[in-house]
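Q: Residue strings, one per chain:
Protein chains: 2
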Amino acid sequence: MKAVKIPEATITRLSMYSRLLEWLDRRGVITVSSSDIAEGVGVSPAQVRKDLAYFGEFGTRGVGYNVKDLLHYTMKILGLTHPWPMALAGAGNLGTALCTHHGFRDRGFSIVGVFDNDLTKIGKRIGDIMVHPLEDMPEAIHSLGIKIGIIAVPPRGAQEVADIMLKNNIAAILNFAPIALNIPDNVLVRNVDLSVKLEVLTFNLKYRGSVAGEPD
Amino acid sequence: MKAVKIPEATITRLSMYSRLLEWLDRRGVITVSSSDIAEGVGVSPAQVRKDLAYFGEFGTRGVGYNVKDLLHYTMKILGLTHPWPMALAGAGNLGTALCTHHGFRDRGFSIVGVFDNDLTKIGKRIGDIMVHPLEDMPEAIHSLGIKIGIIAVPPRGAQEVADIMLKNNIAAILNFAPIALNIPDNVLVRNVDLSVKLEVLTFNLKYRGSVAGEPD
DNA sequence: GTATGTGAAACCGTTCACAGCA
DNA sequence: TGCTGTGAACGGTTTCACATAC
Numbered sequence: 153m154k155a156v157k158i159p160e161a162t163i164t165r166l167s168m169y170s171r172l173l174e175w176l177d178r179r180g181v182i183t184v185s186s187s188d189i190a191e192g193v194g195v196s197p198a199q200v201r202k203d204l205a206y207f208g209e210f211g212t213r214g215v216g217y218n219v220k221d222l223l224h225y226t227m228k229i230l231g232l233t234h235p236w237p238m239a240l241a242g243a244g245n246l247g248t249a250l251c252t253h254h255g256f257r258d259r260g261f262s263i264v265g266v267f268d269n270d271l272t273k274i275g276k277r278i279g280d281i282m283v284h285p286l287e288d289m290p291e292a293i294h295s296l297g298i299k300i301g302i303i304a305v306p307p308r309g310a311q312e313v314a315d316i317m318l319k320n321n322i323a324a325i326l327n328f329a330p331i332a333l334n335i336p337d338n339v340l341v342r343n344v345d346l347s348v349k350l351e352v353l354t355f356n357l358k359y360r361g362s363v364a365g366e367p368d
Numbered sequence: 153m154k155a156v157k158i159p160e161a162t163i164t165r166l167s168m169y170s171r172l173l174e175w176l177d178r179r180g181v182i183t184v185s186s187s188d189i190a191e192g193v194g195v196s197p198a199q200v201r202k203d204l205a206y207f208g209e210f211g212t213r214g215v216g217y218n219v220k221d222l223l224h225y226t227m228k229i230l231g232l233t234h235p236w237p238m239a240l241a242g243a244g245n246l247g248t249a250l251c252t253h254h255g256f257r258d259r260g261f262s263i264v265g266v267f268d269n270d271l272t273k274i275g276k277r278i279g280d281i282m283v284h285p286l287e288d289m290p291e292a293i294h295s296l297g298i299k300i301g302i303i304a305v306p307p308r309g310a311q312e313v314a315d316i317m318l319k320n321n322i323a324a325i326l327n328f329a330p331i332a333l334n335i336p337d338n339v340l341v342r343n344v345d346l347s348v349k350l351e352v353l354t355f356n357l358k359y360r361g362s363v364a365g366e367p368d
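Chains as they are written, first to last, in the numbering used here: chain A, 153 to 368; chain B, 153 to 368.
Hints listed in this document are in silico derivations from the structure and should not be mistaken for laboratory results.
Same chains, same label: a pair holds when it works inside one copy or across any pair of copies.
With a straight-line cut-off of 30 Å between C-alpha atoms, the simulated DSS-like cross-links for lysine-lysine are: (1) K349 to K157; (2) K358 to K202; (3) K299 to K349; (4) K157 to K299; (5) K358 to K220; (6) K358 to K228; (7) K157 to K202; (8) K220 to K299; (9) K220 to K202; (10) K349 to K202; (11) K202 to K228; (12) K349 to K220; (13) K319 to K358; (14) K358 to K157; (15) K358 to K299; (16) K157 to K220.
Could you put the whole structure together from the sequences, leaning on the hints where they help?
A: In structure tokens, the structure reads:
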């Protein structure tokens with residue numbers, strides 16, 4: 153935690169390193185080198201070392217990194233030492249998929265409230281939680297200490313949902329609606345836009361013939 | 153189409169401009185300025201102009217851009233003048249969500265084959281298409297001229313699915329499995345990793361207090 | 001010998017500021 | 001006058017290469 157600006161890309165990669173380390177740890181691997189990690193997530197070894205160097209010195213020269221230790225550090229850096237309850241707006245197919253998404257629970261994220269204003273969905277059960285009307289979201293946010301909201305409603309309703317979240321002091325939003333939300337600067341937003349991802353592919357298919365590389 | 157390298161971020165934004173233009177066009181808007189576009193997608197006007205400049209001169213000085221024309225150009229640049237049939241592997245919740253995802257069809261993408269090797273899913277109907285066994289995928293890829301594959305299976309099965317796609321000359325893969333796929337350089341891959349997105353949020357919540365900005 | 005940690009260099013993308021044109 | 005198009009400046013990220021430490 154220096155007074156240095158840390159590139160977002162570094163955080164993204166750190167998250168990937170962390171998951172790889174979890175995998176290695178489960179397999180009983182004790183030590184990894186920066187090249188091992190690099191190969192595992194598809195970046196350069198120098199990049200791995202630079203990324204880690206933002207946060208401290210975790211390795212041993214001539215040896216590498218202790219898997220368990222580095223895993224622990226990455227989790228701590230990413231703020232994953234405690235669970236993050238989340239509120240989900242939208243109980244459609246996407247919402248259902250997110251609710252049951254294994255990858256979330258594996259990393260300490262859990263959707264503790266699902267909200268929708270479609271009467272045919274309210275009362276339904278997704279996994280082990282029930283869909284509640286949107287108007288119940290504020291109370292849930294406060295009583296369950298929810299800091300992160302997920303928007304998985306159609307574009308039309310997205311800003312409305314965002315506004316409700318904002319009014320109730322949500323700190324961060326993961327938005328799946330393909331529109332630019334109007335969000336104040338003190339609230340974090342990240343968008344997941346599936347069509348954009350596909351269009352990057354079609355562009356490349358069309359103009360570059362075929363070149364690989366994964367910047368994102 | 154110059155001999156200039158075009159930043160991936162430019163393509164990402166182009167895709168967003170394109171969708172905004174569609175929206176404006178449907179509303180009967182005739183002309184937009186770079187500032188209008190910039191505001192609509194949350195970037196700077198200079199950025200919009202730079203991005204467009206990679207591909208030509210589409211505007212009129214002192215006036216702006218013709219919405220219909222620019223929409224047409226962006227679609228063409230992105231390779232969206234013809235439909236892109238896609239094969240989906242994985243008929244779980246995520247697969248189902250992707251199948252019924254409106255945003256795809258709106259932009260010319262359509263999933264024309266869904267494959268899974270879970271016997272309880274094969275034969276099921278998602279929307280208007282049926283889930284087929286994974287072994288039927290090769291034939292579908294060839295007979296339907298599929299160039300893009302989507303992987304929405306659990307991490308364990310992802311590489312296997314990828315290998316099948318590769319063996320059948322898929323040109324691009326959109327991967328939702330949170331692992332680094334082993335893919336040759338001549339095949340395009342983009343990963344959608346939901347946990348990573350969330351961990352970027354938790355990192356920022358923890359260390360930056362609250363700062364906005366959407367780099368991705 | 002081997003692999004980390006790190007300044008310096010190279011590279012890339014964004015912003016600036018203004019020339020060019022309707 | 002107003003807004004586009006663009007070379008140049010800027011800032012930030014990645015790569016390089018080597019000193020450092022085990």
